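Student: So the protein lines, in turn, are chains C and Y.
In this text, residue positions in the first sequence follow the working numbering: the first is 1, and each later residue adds one.
In this text, residue positions in the second sequence follow the working numbering: the first is 260, and each later residue adds one.
In case anyone wonders, no lab produced these hints; they're calculated from the structure.
Every value quoted in this text rests on a predicted model; they were computed, and no experiment measured them.
There's no promise every hint is true.
[What the hints assert, rightly or not] In silico SDA-like pairs for lysine to any residue, Cα to Cα no more than 25 angstroms straight-line:
id, chain 1, residue 1, chain 2, residue 2
1, Y, Lys346, Y, Asp358
2, Y, Lys408, C, Ser183
3, Y, Lys408, C, Pro227
4, Y, Lys346, C, Leu45
5, Y, Lys408, C, Asp184
6, C, Lys23, C, Ala113
7, Y, Lys408, C, Val226
[To be verified] So these bits of chain C aren't anywhere near chain Y, every CB distance computed over 10 angstroms:
id, residue
8, Glu18
9, Leu30
10, Val87
11, Leu106
12, Ala110
13, Gly121
14, Tyr132
15, Phe176
16, Val247
17, Ile252
Quick reminder that beta carbons are idealized off the backbone N, C-alpha and C, glycines included.
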Amino acid sequence: MIGALRAQWLIAGNTVRELVRSKLLHNLLLFAVLFIASSMFVAQLTIGQWDRVILDLGLAAIEVSGVLVAVLVGVSLVAGEIERRTVFPTLARPVTRGTFLLGRYLGLCAMLAVSVALMLGVLAAVLHLAGYGLSFSAAIAALLILVELALMAAAAILFGSFTTPILASAFSLSLFLIGHLLSDLKAFQQRSQSDLAKALTGIAYRLLPDLELLNVKSLASNELPVPHGLASTAALYGAGYAATLLVVAVTIFSRRDLK
Amino acid sequence: MASDRRLPVSISLAIPSLATGVVLAALATSAALLRARAERLAPVAVEATFDIPNFPAEVVRPFSFGLRSVISDLMFLQAIQVHGGRKKTMLTAQEGRRDDRALNRLLTYATDLDPHFAGSYRFAGNAMPRQTSDGKATNVLEAEALLAKGARERADDWHIPFTLGFLQSYYLDHFAAAGQNFAAAARLPGAPQYLGLLATRTLTEGGNLDLAEHLAAAMADQATEESAEKEWQERLLDLRMERHLRQIETAAAHYAARTGRRAASLAELVRSGDLAGAPREPHGGRYELAANGEARSTAKARLRIRGRKGTLAALEVQ
Numbered sequence: 001m002i003g004a005l006r007a008q009w010l011i012a013g014n015t016v017r018e019l020v021r022s023k024l025l026h027n028l029l030l031f032a033v034l035f036i037a038s039s040m041f042v043a044q045l046t047i048g049q050w051d052r053v054i055l056d057l058g059l060a061a062i063e064v065s066g067v068l069v070a071v072l073v074g075v076s077l078v079a080g081e082i083e084r085r086t087v088f089p090t091l092a093r094p095v096t097r098g099t100f101l102l103g104r105y106l107g108l109c110a111m112l113a114v115s116v117a118l119m120l121g122v123l124a125a126v127l128h129l130a131g132y133g134l135s136f137s138a139a140i141a142a143l144l145i146l147v148e149l150a151l152m153a154a155a156a157i158l159f160g161s162f163t164t165p166i167l168a169s170a171f172s173l174s175l176f177l178i179g180h181l182l183s184d185l186k187a188f189q190q191r192s193q194s195d196l197a198k199a200l201t202g203i204a205y206r207l208l209p210d211l212e213l214l215n216v217k218s219l220a221s222n223e224l225p226v227p228h229g230l231a232s233t234a235a236l237y238g239a240g241y242a243a244t245l246l247v248v249a250v251t252i253f254s255r256r257d258l259k
Numbered sequence: 260m261a262s263d264r265r266l267p268v269s270i271s272l273a274i275p276s277l278a279t280g281v282v283l284a285a286l287a288t289s290a291a292l293l294r295a296r297a298e299r300l301a302p303v304a305v306e307a308t309f310d311i312p313n314f315p316a317e318v319v320r321p322f323s324f325g326l327r328s329v330i331s332d333l334m335f336l337q338a339i340q341v342h343g344g345r346k347k348t349m350l351t352a353q354e355g356r357r358d359d360r361a362l363n364r365l366l367t368y369a370t371d372l373d374p375h376f377a378g379s380y381r382f383a384g385n386a387m388p389r390q391t392s393d394g395k396a397t398n399v400l401e402a403e404a405l406l407a408k409g410a411r412e413r414a415d416d417w418h419i420p421f422t423l424g425f426l427q428s429y430y431l432d433h434f435a436a437a438g439q440n441f442a443a444a445a446r447l448p449g450a451p452q453y454l455g456l457l458a459t460r461t462l463t464e465g466g467n468l469d470l471a472e473h474l475a476a477a478m479a480d481q482a483t484e485e486s487a488e489k490e491w492q493e494r495l496l497d498l499r500m501e502r503h504l505r506q507i508e509t510a511a512a513h514y515a516a517r518t519g520r521r522a523a524s525l526a527e528l529v530r531s532g533d534l535a536g537a538p539r540e541p542h543g544g545r546y547e548l549a550a551n552g553e554a555r556s557t558a559k560a561r562l563r564i565r566g567r568k569g570t571l572a573a574l575e576v577q
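Please model the complete structure; the sequences and the hints are all you need to start from.
Tutor: In structure tokens form, the structure reads like this:
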């Protein structure tokens with residue numbers, strides 16, 4: 001058990017070292033930082049509401065670039081390694097596939113946390129330059145974005161464990177898009193006349209992750225408080241969903257024939 | 260001899276490249292010219308005439324994938340550009356119709372996407388209503404509808420019901436509704452103290468004395484400073500006086516309808532039984548009945564919206 005944890009820790013550390021040198025990560029982060037910084041100029045176009053415009057654009061940049069990092073990098077960490085066959089030297093060592101997968105995931109989550117903290121720092125600096133502070137609601141919104149990114153990273157690892165990198169990326173990004181449409185899926189289910197459609201949409205509604213629960217950006221930009229208990233419940237929901245995806249990923253990856 | 264006629268290698272390579280370049284340049288120029296001509300000839304795209312994106316807000320909201328707040332901001336910024344681009348001279352309602360409609364639709368769209376966008380409602384209240392060059396007011400009812408939605412969605416922001424009350428009293432002559440909105444604004448955190456006084460005055464003008472007294476009593480109870488409490492107690496006396504004056508005027512009207520002549524004094528109204536008894540003036544003065552049937556107090560002026568004739572309340576709203 002301790003050996004497995006140590007192996008996971010080592011793989012996670014190696015993953016972080018790999019990602020620190022990743023050009024894709026650098027480019028996406030640079031794009032996000034420039035986008036957040038440019039929000040100050042966009043805010044010049046408005047009458048009042050400067051802080052809202054900066055906050056909206058900043059949180060959007062954190063989310064969009066974070067999702068791209070989680071999906072594209074997450075897929076390359078497993079599916080990419082399998083395709084390039086660079087996974088075999090690692091698996092030839094006394095390391096289980098589950099340990100390898102979880103180590104990769106933890107390393108990616110650590111990088112995502114650092115990226116979100118970096119981008120949030122830039123956003124706080126831009127707000128400070130404009131004469132505003134970062135509200136508690138905005139910090140909660142950023143934290144829930146991080147949970148969403150951890151969930152998307154788990155999805156990317158899951159899809160990467162049984163399919164090609166391109167398909168895994170497409171599946172993961174589709175999951176992100178569908179995850180923000182679930183309330184409409186429920187409305188469709190309630191209004192549908194067909195029993196079959198009701199049953200299928202009902203199953204999809206229960207199985208797919210409701211990413212809108214992790215979205216409190218609108219509350220933050222409107223200076224409204226996050227309802228009591230929502231942030232912790234939503235964060236636990238996101239973490240639980242990510243853990244479920246990882247268990248499925250480990251199960252599939254452990255039984256997959258990599259030849 | 261044949262080898263002498265042969266061109267040098269560099270030139271023989273350059274000619275095809277040059278020819279390709281010339282052909283490409285000619286094609287690109289032709290394409291650009293043809294495109295420009297086709298664009299001139301083509302009818303205006305339907306989408307280009309829209310003030311807002313050609314998708315309803317109900318569709319954009321889910322398909323913004325969690326970024327609806329950003330799209331709402333973009334609509335708000337567009338509305339500001341429309342407002343900034345308006346001509347500085349006064350126009351008729353018809354002449355400025357396109358910008359008025361664009362402002363209304365953009366701000367409605369912004370608030371449909373993000374119903375909590377307080378800044379958008381405030382901007383709508385200030386930017387949308389417009390006086391026209393022919394002495395009318397336009398885009399007021401649209402602004403009123405947007406602000407009413409804002410007052411429902413952002414029940415914590417006193418600016419929105421305040422602006423709504425202002426539009427209703429200033430442009431629409433709806434003093435009862437305006438007073439209710441001022442009263443709602445006065446109860447919200449952060450509202451300035453004068454707002455409650457304005458609310459009671461407007462409610463009095465609109466005829467809702469019960470709500471005015473209720474508000475004044477609540478404000479007096481909540482007052483944390485002695486001076487504020489004294490001011491509200493004074494306003495309660497003003498409202499009691501107003502109630503008495505209205506009773507006297509109603510009695511005077513009954514008397515005139517019954518006898519065919521106006522009562523000469525308060526005592527005559529009491530003697531005839533039209534007034535149950537002479538009410539006591541709460542400020543220590545006394546009540547008088549003018550020849551035109553209007554009652555007044557010798558101690559204090561009645562609560563009225565001053566200079567009402569000078570406001571736009573009599574303007575025709577289009």
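Student: Starting from Y/Lys346, check that the Cα of Y/Asp358 is at most 25 angstroms away, please.
Tutor: 10 angstroms, holds
Student: Please verify that the nearest CB of chain Y lies beyond 10 angstroms from C/Gly121's CB.
Tutor: 21 angstroms, holds
Student: Over 10 angstroms from every CB of chain Y: does C/Glu18 meet that, or does the non-interface label fail?
Tutor: 29 angstroms, holds
Student: C/Ala110: least C-beta distance to chain Y exceeds 10 angstroms?
Tutor: Holds: least Cβ distance 24 angstroms, greater than 10 angstroms.
Student: Going straight from one Cα to the other, do Y/Lys346 and C/Leu45 come out at no more than 25 angstroms?
Tutor: OK: Y/Lys346 and C/Leu45 at ~19 angstroms, within 25 angstroms.
Student: If I take the minimum Cβ distance from C/Val87 to any residue of chain Y, is it greater than 10 angstroms?
Tutor: 32 angstroms, holds
Student: Is Y/Lys408 close enough to C/Ser183, meaning Cα to Cα at most 25 angstroms?
Tutor: 23 angstroms, holds
Student: Is the hinted pair Y/Lys408 and C/Pro227 satisfied, with a Cα-Cα distance of at most 25 angstroms?
Tutor: Given that 25 angstroms is the threshold and the Cα spacing comes to 22 angstroms, the pair holds.
Student: If you draw a straight line from the CA of C/Lys23 to the CA of C/Ala113, is it 25 angstroms or shorter?
Tutor: Holds - the C-alpha atoms of C/Ala113 and C/Lys23 are around 18 angstroms apart, at most 25 angstroms.
Student: Would you say C/Tyr132 is clear of chain Y, with no C-beta pair closer than or equal to 10 angstroms?
Tutor: Check passes; 14 angstroms lies beyond 10 angstroms.
Student: Compare the distance between the alpha carbons of Y/Lys408 and C/Asp184 with 25 angstroms, and conclude whether the hinted pair is satisfied.
Tutor: 23 angstroms, holds
Student: Could you check that no beta carbon of chain Y comes within 10 angstroms of the beta carbon of C/Leu30?
Tutor: 20 angstroms, holds
In summary, the one numbered hint that this structure violates is 15.
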